[in-house]
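Please take these sequences and the hints and turn them into a complete structure.
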Amino acid sequence: MKFELTDDQKAVQEWARNFSETIVAPVVSKLSDRDKLPMDLLKKLSAEGFMSLMVPEAQGGAGLDSLSFSLVITELARICASTSISVAVTNMIADVLVREGQKHHHDKFLSQLLSGESPTASFCLTENSSGSDASALQMTAKKEGDQYCLNGEKIYVTNGAFSNFFLIMARTNTEINGSKGVSAFLVPRASKGVVIGKEEDKMGLNASSTTRMVFENVLVPESDRLLNEGEGMQVALRALDGGRISVASQALGVAKRSLEAGIEYAKVREQFGKTLGEFQAIQWKIANASTELSAAELLIRRAAWLKSQKLPHRLEASMAKLFSTEMAIRLCDEMIQIHGGYGYIKDYPVEKYYRDVRVTSLYEGTSEIQRTVIAKNILGGL
Amino acid sequence: MNFNFTDEQIAVRDMARDFADRRVRPLADELDKTGRYPQELVKEMAGLSLMGMCVPESLGGAGMDMLAYVLALEEISTACASTGVIMSVNNSLVCEPIKSFATDEQKQRFLVPLAKGEKLGCYALTEPNAGTDAGHQETKAIKKGQSFVLNGTKQFITNGAEADLCIVYASTAPEKGVKGISAFIVETKSPGFKISKKEKKLGIKGSSCVQIVLDNVEVPEANLLHREGEGFKVAMSTLEVGRIGIAAQALGIGQAALTASLKYSKEREQFGQPIANFQAIQFMMADMATRLEAARMLTYKAAQLKGTGARTPVESSQAKLYASEMCMYNAWAAVQIHGGYGYVEDYIPERLFRDAKICEIYEGTSEVQRILIARNLIKEGLSDL
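First to last, the protein sequences are chains R and P.
Residue numbers for the first sequence follow our numbering, beginning at 272 and rising by one.
Residue numbers for the second sequence follow our numbering, beginning at 33 and rising by one.
Think of the hints as simulated: they come from the structure by calculation, not from any bench.
Everything numeric in this text was worked out from a predicted model, so none of it was measured.
Treat each hint with caution, since some may be false.
Below, a list of computed lysine-lysine pairs in the DSSO-like style, where the Cα atoms sit at most 27 Å apart [said to hold, decoys possible]:
1) R:Lys647 x P:Lys411
2) R:Lys301 x R:Lys617
3) R:Lys545 x P:Lys411
4) R:Lys538 x P:Lys411
The structure is reproduced here in structure tokens:
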């Protein structure tokens, strides 16, 4: 075992940190709770290569490994969680296109991410009645000649307001319940019948776009289906496997920044004639936070490393996601506690970290789903 | 970065696992019930080069890296935490400081037989009034000619009843506080070296834990370990390795708790189905497995770094703190999953629960680990991994 980053990985980390601090930070620090990420920032991220991080260099991407990708998401999340999720989801779609797509998919869709024509992309799986039970989705795709007619509604579509195209899971076989009747489609925003619904009003991640989407008789050519009919859930689950590592990396980034803020505050705030950092009660919080943070970072790196080696990593990714997100939520809560009343008001950043990070144990598989995945895995292994 | 074990590490782990399954696990219950010291196992472990794993082969050891040592200790502790701590003390607390701080002559005299397992070591830092505040040493060492005369009482000394050699900390210059502390290698057969009490413990009953009274014990100057007045430095550096050892022991206990729970939950039926089918049970085991892996990562990282010769004040403390609290949680959960059967001696979790608790206490309580971690972070800030 060797826990040190390679020089290349360190360089990627440095690049992402520098971009986050010098380009992202000045923009997002001016946003109000109602503002979304400016298109201009998304385009800059795209132009710099952040939207196609793991796309092979031969196909115009940055060609990074999973571990480097995780480092980038963490660095972005340290500065802006909303930016990190927009970038993470877009990369997830780029990876789907590389992994599952054919040349014509690359020409029509991947190229838009590489050129910045579509600054982001979106993943449409969740519906009103199907969250964790994703394969119970009800949106339909009915075959009509050499095209499909899509009807249904999707919710919690990250980047809904920014993306030029969407990856959509819809049921091509309504006779079959569950995953085998589901297929994956790529749908341009400009298609007739695509309606971008309301922006959700969220607790955190306010600068990211999260919309509902309605599809009314949207016609999609057969060639815009990925893989075969009935293989859509496989596409989705493979995408989510990587998504878990990136959400874990996002939680880690927010937690790091929150802990940095907590330590800084503990050094300067004085009560009873001593700095907070001199009290054991506060030391405890910092010690617990940093210990769990280190453990989370190592779990993430191992999962990402396994993925980059093309080794099985479903169990490890679920463990990394479960541990890191729950750690981050606890940590961000404790850093508010260190700040006392100041932690509750918006002049200090820690309340925002808590709101931003809270979602991480919900999306890309709730903690409950992760525990189910882990339990099945370890019970099967005995 | 890579997360592969070397071929050598895998071979050592497998060898230790085989020995643990074959020889240690069958005795664990008896050792716990009788409090008997497993003389025969320690001898066999010496034969397998498990007693001086990180000592160079030229000095009688196995010449392994620290991660291989951690993997072996984890396997032994999975079977029996008492046997694990006997091994841990000899390797981490006795062989390591002698390897790092002794003269060549001392290494030949003391380290070679310790590493070969011909002699057993113990480590005497704690005193009745110096637990977490280890710098507050009341044991005195007064220079007399070519010797030091030691007087004082040492408390909670693991392996103390069986050891041939003991690393003893004593103050050679009380007015200098921690800078007046020195370390000595003391032969336990020395006149005046007396075992005054054998403790009865909650768990790890197969290892001895004694109080030692030093009554005018004369120790030759040649047995001074490192320089006079630099004993506390030896102690702190040694504890960095010791904490990694306890973390490895905790990993073993935590794994044993998970293994027992997985097995039991599939066999035990309630409401017409195995209890493994219930989310309440599944989720406890998912948490056990996840925390165990998190603890492994911290421990392996600390071991790998320590193996390069680096100081690891934060890494060792984080590994020890997290692994010991994980193992307490896992043991608690194993008892809970076993229900009433978890509370009786016929099932393993009852012993694991008692054994686990010590990991949060010895070689620095959880509280002192937190202080060390926090002080370092407040001083140095958060660093990249």
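Now for the hints, and whether the structure bears them out:
1. R:Lys647 x P:Lys411: With Cα atoms ~43 Å apart, R:Lys647 and P:Lys411 exceed 27 Å; violated.
2. R:Lys301 x R:Lys617: Given pair R:Lys301, R:Lys617 holds - Cα atoms ~13 Å apart, limit 27 Å.
3. R:Lys545 x P:Lys411: Roughly 15 Å between the alpha carbons, so the hint for R:Lys545 and P:Lys411 holds.
4. R:Lys538 x P:Lys411: holds, 9 Å
Comparing the model with each numbered hint stated earlier shows that hint 1 is the single one that does not hold.
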